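Line by line, the protein sequences give chains R and S. Sequence positions in the first sequence follow my numbering and run 1 to 581. Sequence positions in the second sequence follow my numbering and run 1 to 581.
There is no bait here: all hints are sound.
Identical chains share a label here; the pair holds if one copy fits it or two copies do between them.
Simulated pairs of lysine-lysine, DSBU-like, Cα-Cα distance not exceeding 35 Å:
1. Lys-45 / Lys-214
2. Lys-347 / Lys-258
3. Lys-72 / Lys-561
4. Lys-45 / Lys-72
5. Lys-72 / Lys-62
6. Lys-62 / Lys-25
7. Lys-155 / Lys-25
8. Lys-347 / Lys-235
9. Lys-214 / Lys-258
Don't read these hints as lab results, they were simulated from the structure. Fair warning: this is a prediction, and the values are worked out from it, not measured in the lab.
Number of protein chains: 2
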Amino acid sequence: MRLSSLLFLVCFFTVAMSQCAAAAKARHFRWEVSNMFWSPDCEEKVVIGINGQFPGPTIRAKAGDTIVVHLKNGLHTEGVVIHWHGIRQFGTPWADGTASISQCAINPEETFTYRFVVDKPGTYFYHGHYGMQRAAGLYGSLIVDVADGDEEPFKYDGEINLLLSDWYHESIYTQMVGLSSNPFRWIGEPQSLLINGRGQFNCSLAAAHTPGAKQCAAAGNRHCAPVILPVLPNKTYRLRVASTTSLASLNLAVGNHKLTVVEADGNYVEPFAVDDIDIYSGDSYSVLLTTDQDTSANYWVSVGVRGRQPRTAPALAVLNYRPNRASRLPAAAPPATPAWDDFARSKAFTYRILGRAGVTPPPPATSDRRIELLNTQNRMGGGHVKWSINNVSMVLPATPYLGSLKMGLRSALPSAARPSDTFGRGYDVMRPPANPNTTVGDNVYVLAHNATVDVVLQNANALARNVSEVHPWHLHGHDFWVLGYGDGAFRGDAGDAAALNLRNPPLRNTAVIFPYGWTAIRFVADNPGVWAFHCHIEPHLHMGMGVIFAEAVDRVSELPKAAVSCGATATALMAGAGGHV
Amino acid sequence: MRLSSLLFLVCFFTVAMSQCAAAAKARHFRWEVSNMFWSPDCEEKVVIGINGQFPGPTIRAKAGDTIVVHLKNGLHTEGVVIHWHGIRQFGTPWADGTASISQCAINPEETFTYRFVVDKPGTYFYHGHYGMQRAAGLYGSLIVDVADGDEEPFKYDGEINLLLSDWYHESIYTQMVGLSSNPFRWIGEPQSLLINGRGQFNCSLAAAHTPGAKQCAAAGNRHCAPVILPVLPNKTYRLRVASTTSLASLNLAVGNHKLTVVEADGNYVEPFAVDDIDIYSGDSYSVLLTTDQDTSANYWVSVGVRGRQPRTAPALAVLNYRPNRASRLPAAAPPATPAWDDFARSKAFTYRILGRAGVTPPPPATSDRRIELLNTQNRMGGGHVKWSINNVSMVLPATPYLGSLKMGLRSALPSAARPSDTFGRGYDVMRPPANPNTTVGDNVYVLAHNATVDVVLQNANALARNVSEVHPWHLHGHDFWVLGYGDGAFRGDAGDAAALNLRNPPLRNTAVIFPYGWTAIRFVADNPGVWAFHCHIEPHLHMGMGVIFAEAVDRVSELPKAAVSCGATATALMAGAGGHV
Numbered sequence: 001m002r003l004s005s006l007l008f009l010v011c012f013f014t015v016a017m018s019q020c021a022a023a024a025k026a027r028h029f030r031w032e033v034s035n036m037f038w039s040p041d042c043e044e045k046v047v048i049g050i051n052g053q054f055p056g057p058t059i060r061a062k063a064g065d066t067i068v069v070h071l072k073n074g075l076h077t078e079g080v081v082i083h084w085h086g087i088r089q090f091g092t093p094w095a096d097g098t099a100s101i102s103q104c105a106i107n108p109e110e111t112f113t114y115r116f117v118v119d120k121p122g123t124y125f126y127h128g129h130y131g132m133q134r135a136a137g138l139y140g141s142l143i144v145d146v147a148d149g150d151e152e153p154f155k156y157d158g159e160i161n162l163l164l165s166d167w168y169h170e171s172i173y174t175q176m177v178g179l180s181s182n183p184f185r186w187i188g189e190p191q192s193l194l195i196n197g198r199g200q201f202n203c204s205l206a207a208a209h210t211p212g213a214k215q216c217a218a219a220g221n222r223h224c225a226p227v228i229l230p231v232l233p234n235k236t237y238r239l240r241v242a243s244t245t246s247l248a249s250l251n252l253a254v255g256n257h258k259l260t261v262v263e264a265d266g267n268y269v270e271p272f273a274v275d276d277i278d279i280y281s282g283d284s285y286s287v288l289l290t291t292d293q294d295t296s297a298n299y300w301v302s303v304g305v306r307g308r309q310p311r312t313a314p315a316l317a318v319l320n321y322r323p324n325r326a327s328r329l330p331a332a333a334p335p336a337t338p339a340w341d342d343f344a345r346s347k348a349f350t351y352r353i354l355g356r357a358g359v360t361p362p363p364p365a366t367s368d369r370r371i372e373l374l375n376t377q378n379r380m381g382g383g384h385v386k387w388s389i390n391n392v393s394m395v396l397p398a399t400p401y402l403g404s405l406k407m408g409l410r411s412a413l414p415s416a417a418r419p420s421d422t423f424g425r426g427y428d429v430m431r432p433p434a435n436p437n438t439t440v441g442d443n444v445y446v447l448a449h450n451a452t453v454d455v456v457l458q459n460a461n462a463l464a465r466n467v468s469e470v471h472p473w474h475l476h477g478h479d480f481w482v483l484g485y486g487d488g489a490f491r492g493d494a495g496d497a498a499a500l501n502l503r504n505p506p507l508r509n510t511a512v513i514f515p516y517g518w519t520a521i522r523f524v525a526d527n528p529g530v531w532a533f534h535c536h537i538e539p540h541l542h543m544g545m546g547v548i549f550a551e552a553v554d555r556v557s558e559l560p561k562a563a564v565s566c567g568a569t570a571t572a573l574m575a576g577a578g579g580h581v
Numbered sequence: 001m002r003l004s005s006l007l008f009l010v011c012f013f014t015v016a017m018s019q020c021a022a023a024a025k026a027r028h029f030r031w032e033v034s035n036m037f038w039s040p041d042c043e044e045k046v047v048i049g050i051n052g053q054f055p056g057p058t059i060r061a062k063a064g065d066t067i068v069v070h071l072k073n074g075l076h077t078e079g080v081v082i083h084w085h086g087i088r089q090f091g092t093p094w095a096d097g098t099a100s101i102s103q104c105a106i107n108p109e110e111t112f113t114y115r116f117v118v119d120k121p122g123t124y125f126y127h128g129h130y131g132m133q134r135a136a137g138l139y140g141s142l143i144v145d146v147a148d149g150d151e152e153p154f155k156y157d158g159e160i161n162l163l164l165s166d167w168y169h170e171s172i173y174t175q176m177v178g179l180s181s182n183p184f185r186w187i188g189e190p191q192s193l194l195i196n197g198r199g200q201f202n203c204s205l206a207a208a209h210t211p212g213a214k215q216c217a218a219a220g221n222r223h224c225a226p227v228i229l230p231v232l233p234n235k236t237y238r239l240r241v242a243s244t245t246s247l248a249s250l251n252l253a254v255g256n257h258k259l260t261v262v263e264a265d266g267n268y269v270e271p272f273a274v275d276d277i278d279i280y281s282g283d284s285y286s287v288l289l290t291t292d293q294d295t296s297a298n299y300w301v302s303v304g305v306r307g308r309q310p311r312t313a314p315a316l317a318v319l320n321y322r323p324n325r326a327s328r329l330p331a332a333a334p335p336a337t338p339a340w341d342d343f344a345r346s347k348a349f350t351y352r353i354l355g356r357a358g359v360t361p362p363p364p365a366t367s368d369r370r371i372e373l374l375n376t377q378n379r380m381g382g383g384h385v386k387w388s389i390n391n392v393s394m395v396l397p398a399t400p401y402l403g404s405l406k407m408g409l410r411s412a413l414p415s416a417a418r419p420s421d422t423f424g425r426g427y428d429v430m431r432p433p434a435n436p437n438t439t440v441g442d443n444v445y446v447l448a449h450n451a452t453v454d455v456v457l458q459n460a461n462a463l464a465r466n467v468s469e470v471h472p473w474h475l476h477g478h479d480f481w482v483l484g485y486g487d488g489a490f491r492g493d494a495g496d497a498a499a500l501n502l503r504n505p506p507l508r509n510t511a512v513i514f515p516y517g518w519t520a521i522r523f524v525a526d527n528p529g530v531w532a533f534h535c536h537i538e539p540h541l542h543m544g545m546g547v548i549f550a551e552a553v554d555r556v557s558e559l560p561k562a563a564v565s566c567g568a569t570a571t572a573l574m575a576g577a578g579g580h581v
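Generate coordinates for the entire structure from the input sequences, incorporating the hints supplied.
Structure representation (structure tokens):
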């Protein structure tokens, strides 16, 4: 068990007396999820909001606090859950908010209570994790400050929070039907990018610098009013930037200003300065920005698309040097997003992210198991397009794993065969799959308690020639060390495995695989529960791009009844009652 | 207990040996509900289909058969149920298919088995009964023939089945948000009318007779291809006509042909001949048509809107006298739908529907209880528009009543006050409500076992002056006698009550109230269970227009676990298990 987990558990179990618990606080929230009309990019559609807001309310807490969210489902016929992205849920795996995995979806008009400790300061967010509800707008920020008396390993004078997303005008229902149809219908590129839930479709705040664009009308207090970020000159700001996009990989830059990266996914990293940062879906960063430029001007914050040929205009916000008027748009052109396919640049940025010296713990020197996961695009039943891992596309069960595995229900694992720890050595990652047929399966990997596990994510060519996509993989319940990246096929013990960075790798919960490349991560299976590990691109997960890690489920303490009151677990428990209804 | 119920129970409980049971058959169906792309009126949208079909498959059975439908929910995040409209569910109230009332909604990927006896021949249908899923296309026909050896009290040579519906291009999600929003957004009139799931938007099959319309292109085998009804000359056909519209009241006519009404809602009626029939949502009829016209021509079947100012073009089908080519469109103009607001004509038609002499049993001569239900449109919280019954707008609970009442859970009835059997005598039904404020409540009426109950449905003015709408009320679990209709306020014992028709009223499951009028029905509470009674207009029900009848729930036999595996019933049963999860 790592030190941080240990400290956390000490606090947790001695809650009445310990120093840490005395400072910690329970923070209660009453939320209701419902569909509502909203115009995030000036075009109205039905979005999923919380308490009538989009994005949902920001949770702000201190490390060690207990968050208690009483979540009422106000949707009419749909279940709902909320995943607390980046929170490891030590001791509370049923609060991870993953339908079919950690809990039964909350039925309409029901209330489920999420109760969990935010043990580690950092920039997090939350979002729906059922169907494609995240893409319908079910998300918000979760910011954890250091505990009282603790200090961040860097200084700043103020904060700016930027939750980034992409936005489709088509409903998620239509999107899901298309993805499941034969012939397959891809959702296409998003219509808009949003900053804190606001964007501008079909117009630009910087039309003068955007050929063919028309200037957005003054939006006043509309949902799509420009995001204004007031700052004072000659101060240092911490920009917290997180991406909950459905599809898009993003890049963020601030005109004339350098950015110093200091945090990634709730973990400190060795500071480094850049002109812009890449942010994949599921990533979060903190960057420091000093307002040391001409104080008579305002500056653009620009967010554009990378990794896929963009058909979506950049999102813009205004860094407003006070006392300049907020409405005074920057005269300069917004920073240009780097070429979408300049992957060398993306890699250069990503490779610079390393554990912070003296702060980030090093990984265990050796691992107990290596799981190699081949990412391919496949076809099933002739026309259904799927993403597959080692040639099996993940499907989720009606009864969530955490309950069914803990209760030892035979129905828990639909497929008899356990998934493979590796794939055929001869696989040519540079070409479309020779045999593109796939099957579906549960993709449940059972991990030994406290085992140190390496996972090598191997990218490959998709169904079409000369196409290999970016996939940001997100792990629930853990941070992992990113030990290395490479191009082409991972060469295993003979080559790449020996060259991994065991000295100062960063800790993260999301790691990207580049086209035709591989990424190696290491983590300790020290968190009893059932955890999803999946591509954070919403339609890719919907198409089966994920696996499940089941860890020491026998060590999980009693599950809340509400987490198991569906499917086979409910049936088994009600049968146990023996009584007649 | 009425004779038919008694006979049915004899069959039911002596299934192994009796004559009736020997002839009866169990008919098994495996259905999967899913969202899919479909173009019912040539415009594509996402519809709810069954086994890839829209409308769902037709069930055909014989009286006394047991229907077994294994219904898998293939939706991604939504629950689902199916109501078997007109089937009384004697002994199987948990199979009535009403979410929040008779069962827990079936979760995604789960399968629920509906098993029930169709005890009475007739023209029925089935449809979703959760949120507004019916309006998304979740419906189909259920036809019950007489048992072997029995005969219908009329003769015919062939059958034609016409399931009528209306169609919106807006998704039900958007519709539901609008209905729940403040300011309120009404769904408007439907874009198309459908016959057997087919219609033509923005064009006409009879453009030559329709000023401004363009002729529909040949649709070939598209979803919106015209409905062709092949017949032979000089035969008598039974047209089975049912309406599952979301909003529209309909009228059906066949060019040059008389229609003889012989059945309404699965009950025989005294035959009468008309040029056209009105069909409200929830109604079903059988009419006899004799193909005694010029055999060289085909004829239009025309379905138009009544009761609301129509903004929807009539639906057309072709009565194809063989051997004429089906593609030969009738030269004559389609029959014109009567004026939408000719309510005198509507009443004249409705009043002619009477029990069939010698077949339809008479009602009990007296009743044990009279419940008077005032139908008003109200406002809640300043801007939410609701429909209310005796000034309470119905809301449904998270835990279905059948389970919670049977288990005696205190949470079963959210509002402490029982709803009233009457409303203020002085209420002026001709004006907008003097106090338009409403509250929400459960509207649960507890009925004594075998009590004879009269219900007087009293219509009134809506929120706007000079507006009073048609509402077709549908009762689950029972047929009722329609004892009378009248204009203005029901005058009770002093007047109207004495003039009710106790001699030959028709048995039905759906009865309309006309603008500013009242309708009186009588039924025997001989079916233990919990039954909805509501306006069959989908958005009106969604806005609270209904009540619940709870009958002798203690006499209901053991409920299937799957019907109670949600909410408070699941929690209570799991707690009964005592064990730890």
